[in-house]
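Using the supplied hints, reconstruct the complex from the two chains, each of which is provided in its own coordinate frame.
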Amino acid sequence: MKTTIKTTAITLVMLFATLFTTNTVNAQTTEKTYIKIVVDGLSCPFCAYGLEKNLKKLKGAKDVFISVEEGYTTFNVPKESRPTEDELKKIVKDAGFTAREISFSDKPFTKDEK
Amino acid sequence: MKNKMLWLILCTFWLVSCSDNKSPQWTFKEQIQLNDISPIGIASDGKNLWLSDPDKNRVVKTDLKGKILEEIPNLQRPMHIEFSKGKLFVPEYLTDTIPIIENGRRSFLPLSSKLNAPASIAVDGNTILIADFYNHRIILKKGDKETIIGKEGHNQGELYYPTDVAIHKDLIYVADAYNNRIQIFDKQGNSIQVIGEKDNINVATGIAVSGEQLFVTDFEGNRVLIYDLDGNLVQVLNNRFDKPADGCILDNRLYVASYFNGAITIFDKRK
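These protein sequence lines are chains U and S, in that order.
Under the numbering used here, think of the first position of the first sequence as 322, with each following residue one higher.
Under the numbering used here, think of the first position of the second sequence as 1273, with each following residue one higher.
Extracted from the complex, chain S is given alone in its bound form (with noise of 0.2 Å):
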């Protein structure tokens, strides 16, 4: 009798073990064609979104729908943009600044270090990461505090042209894009894991990281690829992109920007 209790509370803690661990998947819902935008950058607002659109230097906000709603003109090559507390974040690829909009007015991120071809930024409370694609590396903004992750090359803890960042839980999330992998730092600017180097990533140019999943854009390869946090690969994503430039979660729904076809493709989640 005994034994058998023992078995069913072994099966038992198995089982929700299991499903505990089970990653949640992601179905096709519908592709919006936009209008005239090509997307790099996308991010969300919590209602709207907001897309970057480089090739005729702005930004735009628009509904779920794609339907533009408002227009931020005059940025030069804007990349890879975030929204956080009312405030849009644009790193401004060819004049090396990040402009912050926050109803309607323009100011500037002060930095101490010089960036060359800012590409993204994650801002978390007062934490700000910026990807610093021509000096391969990230730098990480606290207060007045400026301190450098990464540096050019190939190894852990190096970087090659890294085009995304983004923050979760005290870390550090990067599109390592040319070295076709992902890079997880902590604050104190150590490597800590590299996700996606057994994958056949071609260009990581993209991601988003969620309560439990990573998402990547795999630009070249015209996939998503979606992980756990400890970096197992559980899905890909195939749907009708065009060069994935990027990911963001609104309401269990994902939003993947596609470059060339100037499109959104939407997912739901289902356990």
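So that you can see chain U by itself, here it is in the shape it has in the complex (with noise of 0.2 Å):
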């Protein structure tokens, strides 16, 4: 009988273990996009930061990122305040650059894709 009761609970605390791990590791993955703008002609800091400035007022954009050296940004949004590309193309145009190529991922841009 002990043995039993001793099997369910590590049984029990195995599956909640795993159920909260997939949990996090979903919250991790699924809850934002990032997002990874390369920018033409990004080498002025008064336009670099100007495009941060507009980034930031996307609504829920966080950690916004910008390489004036390498000519690119990286933010993340809520998933469900996702920008098109379209109006990412705006808010880059506007700060006066051209976004040569938007990416969207559900992990973030690790510093080889950056």
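Hints in this document: simulated from the structure, not taken from any laboratory.
Don't take every hint at face value.
[Unchecked claim] Listed below are several chain U residues computed to face chain S (Cβ distance under 7 Å; list not exhaustive): (1) F367; (2) Y370; (3) G371; (4) K400.
Beta carbons are placed, not taken as given, at the ideal position from N, Cα and C, and that holds for glycine.
Given below as structure tokens:
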């Protein structure tokens, strides 16, 4: 009897642990949309910070990062607030640039992908 | 005899005129590598230097060798700063405000005009000028009165992404950055001169005006162009800049702040 209870308890603990881990992973990978924009002519910090300013106005935009030297920006938004490519192109254009390439991902961009 | 005297007088007059018109030249003194600062703006309080470091959202005070003496954090992308009468004026690019810092206390410049990315400020007595980058204009504030100078465009009198502004002897000098030129306005907002259009400037980012010269940092061209106040190019400095963003004069020395390599390059004046 004791062995059965022990086995059941261990099984339940493992089950909960598995469920919890899966939910956590899902939360990390599905709640946000990660966006990377490669921008032509992004060499001037005045324009780069202007782009940052405009991107921060997007609903829920967080972790806006701009690489002036390499000419790209990355940031994330809640999945339900994901902007369209056209919206992003307009933001980039209003900041004085042209968006060359726009990528969306469920995971953060790694340094190599950046 | 009379003719000889006349010639002598004319020659003396010519020589004196030439020597008066000779604009000072500048020679490289040294380059100081800053410790983890990427400066966009540089100003002097008469003794030390102030540098804006927008990548780190701060302004720092350094001695003339680049040693950090003081840090003012929590500024949202501070750009071309100004120090005047004990007050530090900081255009905050992200918040569209101008904090004024005096003895550690922060207040804000009251403005009725709505800014969009203030890039620079110049202060002369009760006259204040602001380069309003995304609105392609300059705000001239005198007391409560605000006058708009310039509008978006490429013709004379129009501006295209102005990044710096200075005032000297009642004239307003504007770094008309993406028109690749300097424009001079009077206080009524009339454009009275354009400088540098033939000099292949590749983004005129920063300007400084001394008693007799105008200094222009050519950000993408990695140069500093020096003009006399009539607009004649008198010298080009090419010394080891990496995206020079701004300059200031202190005690006959020119200090140029470079953004990419985080350095200050110093030049001495010689006649």
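Given U/K400 was flagged as interface, is its beta-carbon under 7 Å from a beta-carbon of chain S? violated, 26 Å
With a cut-off of 7 Å on the beta carbons, see whether U/G371 makes it to chain S. holds, 5 Å
Under 7 Å, Cβ to Cβ, is where U/F367 needs to be relative to chain S, so tell me if that hint holds or is violated. Hint on U/F367: holds, closest Cβ of chain S at ~5 Å, below 7 Å.
Hint check: 7 Å Cβ-Cβ cutoff, U/Y370 to chain S: Constraint on U/Y370 satisfied, holds at 5 Å.
When each numbered hint is compared with the structure, a violation occurs for hint 4 only.
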